[in-house]
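Colleague: Construct the complete structure from the given sequences, taking the supplied hints into account.
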Amino acid sequence: MAEASVQTFWDHLDELRATLIRIGVVTVLFAVGAFMFKDEMFAVILAPRDAGFITYRWLGSLGGILSEMPGDTFSVDLINTQLAQQFIIHMKAAFCVGLLCASPYIIYQLFRFISPALYENERRYAVRIVGSAYVMFIAGMLISYYLIFPLTFRFLGSYQVAGDVTNMISLESYMDTLLMLSFSMGLVFEMPVLSWLLGRMGLLKASAMRRYRKHAIVVILTAAAIITPTSDAFTLAAVSLPMWLLYELSILLVRR
315 MAEASVQTFW
325 DHLDELRATL
335 IRIGVVTVLF
345 AVGAFMFKDE
355 MFAVILAPRD
365 AGFITYRWLG
375 SLGGILSEMP
385 GDTFSVDLIN
395 TQLAQQFIIH
405 MKAAFCVGLL
415 CASPYIIYQL
425 FRFISPALYE
435 NERRYAVRIV
445 GSAYVMFIAG
455 MLISYYLIFP
465 LTFRFLGSYQ
475 VAGDVTNMIS
485 LESYMDTLLM
495 LSFSMGLVFE
505 MPVLSWLLGR
515 MGLLKASAMR
525 RYRKHAIVVI
535 LTAAAIITPT
545 SDAFTLAAVS
555 LPMWLLYELS
565 ILLVRR
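The sequence shown finishes on residue 570 if you use the numbering used here, and the numbering steps up by one all the way, no holes.
No lab work stands behind these hints, which were simulated from the structure alone.
Source: prediction; values computed, not measured.
Honestly, I wouldn't trust all of these hints.
Simulated DEER-style distance windows between Cβ atoms [stated by the list, open to error]:
1. Arg331 - Tyr439: 24 to 30 Å
2. Ser389 - Val449: 31 to 37 Å
3. His404 - Leu535: 33 to 39 Å
For lysine to aspartate or glutamate, the following DMTMM-like pairs were computed, each having C-alpha atoms within a straight-line distance of at most 20 Å [unchecked claim]:
4. Lys528 - Glu562
5. Lys406 - Glu354
6. Lys406 - Glu486
7. Lys406 - Asp353
8. Lys406 - Asp490
9. Lys352 - Asp490
10. Lys352 - Glu486
11. Lys352 - Asp391
12. Lys352 - Asp364
13. Lys519 - Glu504
14. Lys519 - Glu562
By construction, the Cβ of each residue, glycine as well, lies at the ideal position given by its N, Cα and C atoms.
Modeller: Put into structure tokens, the structure is as follows:
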């Protein structure tokens, strides 16, 4: 605090500019690296479109529980309908991967810029909140990639209103859905961190969360049905169960 108090506004502005430049350089370097490894990057991104994906193989090994998901015949061919669309999607995917890989460094640089203005106890709380929020966001994205998006794509990619109507899914639609679900689930997994913060501020009580638990379950089931509009109960449970567990974890955190 003493060191920060002697700096002028322009000193802070110069430090912020240097921080943003470092963040931009590192992000671009990671993005260029991801752009160069195109085959490896899209092998991971496009894996859920084929029956060999780990989620489908696991569901297929359950045997008889999911009769409509055999796990050995599912495959969707993606198409491209615009001249430069594949190159644009390649750049967009490389930027997203570069941003994700550089995210620990970005958080460190931003916290390094802000921390001199915080007291010691505020700095400890900030480290807890930022670290927990980052871990939960990454966990939400992984849950989306390995569970929610494959189930959603499996249903929507093979759904037909009539037998003579063939699905032709574009690469752009595939990428937009993947990014949307990953970002949405990352935000959903921030529920415990947000609840803990509101509890520390005295704006949220564990007793109120327990009292309205039934209402919360209805909201969770509705949100799960919107995120993954599949027809079987297992898929709905697979999506809503993590959200319900997050709500129960939030109650424990607020109570503590």
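Colleague: All the hints need checking, so say for each whether the structure fits it.
Modeller: Verification of the hints:
{"no.": "1", "hint": "Arg331 - Tyr439: 24 to 30 Å", "verdict": "28 Å, holds"}
{"no.": "2", "hint": "Ser389 - Val449: 31 to 37 Å", "verdict": "34 Å, holds"}
{"no.": "3", "hint": "His404 - Leu535: 33 to 39 Å", "verdict": "38 Å, holds"}
{"no.": "4", "hint": "Lys528 - Glu562", "verdict": "12 Å, holds"}
{"no.": "5", "hint": "Lys406 - Glu354", "verdict": "15 Å, holds"}
{"no.": "6", "hint": "Lys406 - Glu486", "verdict": "11 Å, holds"}
{"no.": "7", "hint": "Lys406 - Asp353", "verdict": "15 Å, holds"}
{"no.": "8", "hint": "Lys406 - Asp490", "verdict": "11 Å, holds"}
{"no.": "9", "hint": "Lys352 - Asp490", "verdict": "18 Å, holds"}
{"no.": "10", "hint": "Lys352 - Glu486", "verdict": "16 Å, holds"}
{"no.": "11", "hint": "Lys352 - Asp391", "verdict": "18 Å, holds"}
{"no.": "12", "hint": "Lys352 - Asp364", "verdict": "18 Å, holds"}
{"no.": "13", "hint": "Lys519 - Glu504", "verdict": "17 Å, holds"}
{"no.": "14", "hint": "Lys519 - Glu562", "verdict": "13 Å, holds"}
Checked against the numbered hints listed earlier, the structure breaks none of them; every hint is satisfied.
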